[in-house]
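Trainee: Residue numbers (this note's numbering), protein chains in the order written: chain A, 159 to 245; chain B, 159 to 245.
Hints are supplied without guarantee of correctness; some may be wrong.
Which copy? The list can't say, so a pair holds if one copy fits it or any two copies do.
Keeping only pairs whose Cα atoms sit at most 30 Å apart, straight-line, the calculated DSSO-like set for lysine-lysine is [what the hints assert, rightly or not]:
| # | residue 1 | residue 2 |
| --- | --- | --- |
| 1 | LYS223 | LYS199 |
| 2 | LYS169 | LYS181 |
| 3 | LYS223 | LYS169 |
| 4 | LYS223 | LYS210 |
| 5 | LYS223 | LYS208 |
| 6 | LYS190 | LYS170 |
| 7 | LYS210 | LYS190 |
| 8 | LYS210 | LYS181 |
| 9 | LYS190 | LYS208 |
| 10 | LYS181 | LYS170 |
Rather than coming from a laboratory, the hints here were simulated on the basis of the structure. From a predicted model like this one, the values you see are computed outputs, not experimental measurements.
2 protein chains.
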Amino acid sequence: MIEAEIYITLKKTVADPQGLTVKHALESLGYKEAEQVRMGKLITIRLNLKNKEEAEGKIDEMCRKLLANPIIEDYSFNIRCLPTDLQ
Amino acid sequence: MIEAEIYITLKKTVADPQGLTVKHALESLGYKEAEQVRMGKLITIRLNLKNKEEAEGKIDEMCRKLLANPIIEDYSFNIRCLPTDLQ
Chain A
159 MIEAEIYITL
169 KKTVADPQGL
179 TVKHALESLG
189 YKEAEQVRMG
199 KLITIRLNLK
209 NKEEAEGKID
219 EMCRKLLANP
229 IIEDYSFNIR
239 CLPTDLQ
Chain B
159 MIEAEIYITL
169 KKTVADPQGL
179 TVKHALESLG
189 YKEAEQVRMG
199 KLITIRLNLK
209 NKEEAEGKID
219 EMCRKLLANP
229 IIEDYSFNIR
239 CLPTDLQ
């Protein structure tokens, strides 16, 4: 079993109203040191595969085809093999 | 300037209908090897602070008070100092 953690973030040039709202909320709680807040997605996928390279290719495809919107989002991911007792 | 990446995930025992929907979408695209999909949040915060320990304390507080719901979510974070030219 392979587990992938996928990080999807808005491109730097894309406005992030949700992040701005969180920044204002932090400020109203007294956290004036928050300069910038950007919201992204963290997707954890378990794959029934053994080969890390194959998993890497599949995850990259999934990101391009479904999980990320390449026009406004960037993505990156980490892949690791799960020990048998966690499966 | 310090940048924190905060990872917010649903606790293992909490149902994740959004993740299930993504899993079904992946299956309908032919990715039968996707065993489990869990959706989480990735929040990137830039703090106008210099001290890493102070930033760690602040981020932990922000997670507990606002960013995560401790009843159904877990959180973790990474903190790094940004080089001056990225500020």
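Trainee: Taking the hints in turn, state whether each one holds.
Mentor: Outcome of the hint check:
no. : hint             : verdict
1   : LYS223 to LYS199 : both (16 Å within a copy, 20 Å between copies)
2   : LYS169 to LYS181 : both (18 Å within a copy, 25 Å between copies)
3   : LYS223 to LYS169 : both (18 Å within a copy, 28 Å between copies)
4   : LYS223 to LYS210 : within (20 Å within a copy, 38 Å between copies)
5   : LYS223 to LYS208 : within (22 Å within a copy, 40 Å between copies)
6   : LYS190 to LYS170 : within (22 Å within a copy, 33 Å between copies)
7   : LYS210 to LYS190 : between (43 Å within a copy, 17 Å between copies)
8   : LYS210 to LYS181 : between (38 Å within a copy, 20 Å between copies)
9   : LYS190 to LYS208 : between (47 Å within a copy, 14 Å between copies)
10  : LYS181 to LYS170 : both (16 Å within a copy, 28 Å between copies)
Going through the hint list in order, the structure satisfies each hint without exception.
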